[in-house]
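Colleague: The lines below spell out each chain.
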Amino acid sequence: MVELIRSNSHPKVYSKLKQIVGKEYISDDPSILIVHSRDQSPFANLKRMPPEYVVLPENSEQIQEILKISNKYKIPIVVQNTGVNVGGCCVPSESGSILMHLRRLNQILEIDDLNMFATVQPYVSYAELQVETMKKGLWLPSPAAPSTVGIISNMLYCGMSWCMAKYGYERRSIICMTWVTPKGEIIKTGSSAIENGGQFWWNGPGPDLKGLLIGAVGELGICTEMTVKLYPWVGGPRLKSDELAKNTKMLAISFNSGERMLKALQELSRADIAISITNMPIAWSLLGMPKSLETSRELWDKRKQLEPILKHFVLVCIQGITSSKQIEYGEKVVRKIAKETRGMVIDPETMSSPAAQLAPDFQPEGNRAEFFRAKISPRIMRFKGGFMPAFFPQEPIEKALKSEELMENTLKDFPIQPQDLYSSCVVPVDMGHFGLHELDVFYDQNSPEELKACLDFAGKIQKISQSQENTWPPHNEWKSYHWDVVKDIPEFKIHKSITQKIKNLFDPNRIMNPGKWFKE
Amino acid sequence: MTIDLDEFYKTIRNCSKCAMCRTMSPWDMQSKEFKDICPSGTRFLFEAYFAPGKMEITRALLDNEIQYSDRLEHIIFACPLCGGCQAQCEEVNIIQPLDVMQELRKKYVKVNGPIPAHEKFAVSIKELHNPYNEPHENRLDWLPKDITINKDAKIAYFVGCTSSYRREEIAKATVNVLNSLGVEFNIFHPNEWCCGSPLFMTGQIDSGMKLMNHNLEEIEEKGIETLVFSCAGCYKTFKGTYPQYVGDLNFKVSHFTEFLADNFNKNKAKLKMYSKSITYHDPCHLGRHSKVYEAPRQILKQIPGINLVEMERIKENAWCCGAGAGVSSAYKDFAYWTASQRLKEAESTGAEILTTSCPFCITNFLEASKLTNSSLKIIPLIKIIEEVVK
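Protein chains in written order, with my numbering: chain D, 7 to 526; chain H, 858 to 1247.
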């Protein structure tokens, strides 16, 4: 049960906010507020906190004015773009907050196809930008999340994609930003910092300030515009098109050992022949690939039978960016590496393939479309109702088995049944320079015991991982509990002290999304 | 069997808020301009108006965390129950937001009674058997004198209130087409009453059930084997809603598009040329609610000369006309706004004509078209068919 509390200054603040945004775009009605009291994460579910006001500003000027009110009355501000979040980062953690929803900042401001960039506002999703840029032969790779997520939040948070082997982390694509600080100043980064400087260069002037906003979980201000890099796209303007089928080849490789799979991931990444190379966890294949939950359940029941094929499973996507010959060449390389690493190549485009027999929904058309705008990602949540990315080590790829062992050992004590309902995968980054390892656990949001167990488990495994050699335990900005983890690491003392000074400098009244990253 | 709201509790709590229900399927999306699927959320902007917000509100009501308010009433009823959210959710999850919202309306009405605009048409339906406050005895005034009605026919035409009183041209065209094709059919006058759709859709279930019982008794008495509809709303009510309360019906229900598509195929109908560029709007009650997408397209494709140009949002992804579920009676501006968005999309196809197979959609499009000065001609599909089968 949550309580909707109103502060003494409520009437005055409400009236001022209404003057700024207009009466249609503000509400303090409990039915509007309650919706923002939680997201899908265990953090927000265990301690739900509705805001006191919801406002929908139209532009940076209105945002600046709202920040003035917030500073004057010391009211916390929580910002939501699309609100698709599993980390509790865009719901209030303190009472009396203003929830600022950026739904009205929803424009693609520019697509420069010659110089391959686009400038977007916060409420523009990956799918929306892709449908416009693909018409011009360009795209921004989709995140490993629903394509409904906002580009700006995903870039600034911890967005990752299936295409990291080629294009790196999502944030690599940031060129310029317009950023409203908690005090209401407007900072522009990259070449846009200089009048008429354009939007093509990401560094400077001086130290690159954009790094401050990346990973600050909304605590240092609000990004109202972002210019991102675009990459060549040869799949045609529509996902379900012949052009996509003609210019794209999906291949899957099954391995009978983890070592061989990791070796293949490194070799495939280094060969630079694919736009995507990723290990696909068995749980994602079985729970996320079928359209219906019933089929998922049937497949899950057969999981032991499917393990030999799906336990160490790699998906490779090749596109003929320069010519169709590139697909032929890429496929030859994939087959050669698979042979050397003793993997079995499965062509998911062949209906008689073992994968198609195992999962009837694993259809060629869906498979390709799925890859570029994922439905797997929201589907996996339906199995138990909730899923939590519990552990995110970054590590040299060959270390992944050690982490896997750590995960499996720790999972033995995980109090949620069944204990084999988890997924872990290794995604190569930067041509295999390192890998992102992700462990997801599944739980029922209706159960406070399961919610708590998830959080305890995440904390436990993060702490254990600190002793692992060559494992960077948590994503640097992942989760609001991260601070609790790093605060005990001696090497973080100086880091903590500096970041707190930065917070104080930018946000002396501690109004921006308090409690999400910088904690007292 | 209907499911009680409490039974949805666990499922709705597990809504992952993935936002797939805010837009059409990302696999089929073609432009940013025509991406939206939820009229309510797109128009009123607060998250509470989108399906995940409504799920959270339902949970909060069940948990007694919030009370009914004017705003909550608006959130619950300023929604055409088009099912766009559910069509998207079915691709990825099991939340059933449309079903939840229908149950939420029932709960609202049980506690607070119907909202004034809906109560008004409920009174009219109770007294006159139609929501338009028109005399029941005038229900068949539109019927041309030269039409042959066979009182012993096993096929009957359920005219519906909108075609009887507001879109008489649709009722006339339907009987003309049936006559032209030599179909022996009956009409129930004076015993055809409102199907109850406006009541079922606005949470007034008990009143809706009285109409259902009356209509079903009539049909049984006449020994009807196939009931044909020109209204998508009536069709959906018979096909989807009645069976929730009485189980399977012992007669076949057929929307005119299904009936004629079958008939054209069987008789290899000879149709006149109709050289026009046409775009087709999927009515929610025929499309998403009843899964009839192909029949109207089959008909249009069979008519020589027609160039069918599809809009970006079609079938499961169609944008609603905005009139349904009590919206046009309670929130006219919103209904017209929603229709005007669809007109814009239809215009973008370059078609001369926007056609559809629901009299309620047609009415709303015509009204919105006056307000937006749209250049599109809005013609009911049955009128086009009437012209080519004459």
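Please note that a few of the clues may not be correct.
Said to hold, decoys possible - If you want the ones that stay clear, here's a sample from chain H, every Cβ over 10 Å from chain D, calculated:
1) E922
2) Q924
3) K1008
4) Q1101
As the list claims (entries may be wrong) - Here are the in silico distance ranges between beta carbons for each label pair:
5) Y925/H <-> K141/D: 45 to 51 Å
6) E249/D <-> S1134/H: 43 to 49 Å
7) N1164/H <-> P17/D: 43 to 49 Å
8) S926/H <-> K246/D: 42 to 48 Å
9) T1083/H <-> K317/D: 18 to 24 Å
10) K141/D <-> S1134/H: 21 to 27 Å
11) Y925/H <-> P17/D: 21 to 27 Å
12) D307/D <-> K1201/H: 44 to 50 Å
Rather than coming from a laboratory, the hints here were simulated on the basis of the structure.
Where is the CB? At the ideal position from N, CA and C, for every residue including glycine.
Colleague: Each hint needs a verdict: does it hold in this structure or not?
Modeller: Right, here's what the structure says about each hint:
1. E922: violated (6 Å)
2. Q924: violated (7 Å)
3. K1008: holds (47 Å)
4. Q1101: Answer for Q1101/H: holds, closest chain D Cβ roughly 22 Å.
5. Y925/H <-> K141/D: 45 to 51 Å: About 47 Å separates the Cβ atoms of Y925/H and K141/D, which means 45 to 51 Å holds.
6. E249/D <-> S1134/H: 43 to 49 Å: violated (25 Å)
7. N1164/H <-> P17/D: 43 to 49 Å: Given a distance of about 60 Å, which is not inside 43 to 49 Å, the answer is violated.
8. S926/H <-> K246/D: 42 to 48 Å: holds (44 Å)
9. T1083/H <-> K317/D: 18 to 24 Å: 55 Å Cβ-Cβ, so the 18 to 24 Å window is violated.
10. K141/D <-> S1134/H: 21 to 27 Å: Since the Cβ atoms of K141/D and S1134/H sit about 23 Å apart, the hinted range of 21 to 27 Å holds.
11. Y925/H <-> P17/D: 21 to 27 Å: The hint (21 to 27 Å, Cβ to Cβ) holds, given that Y925/H and P17/D are roughly 23 Å apart.
12. D307/D <-> K1201/H: 44 to 50 Å: holds (48 Å)
The earlier numbered hints that this structure contradicts are 1, 2, 6, 7, 9.
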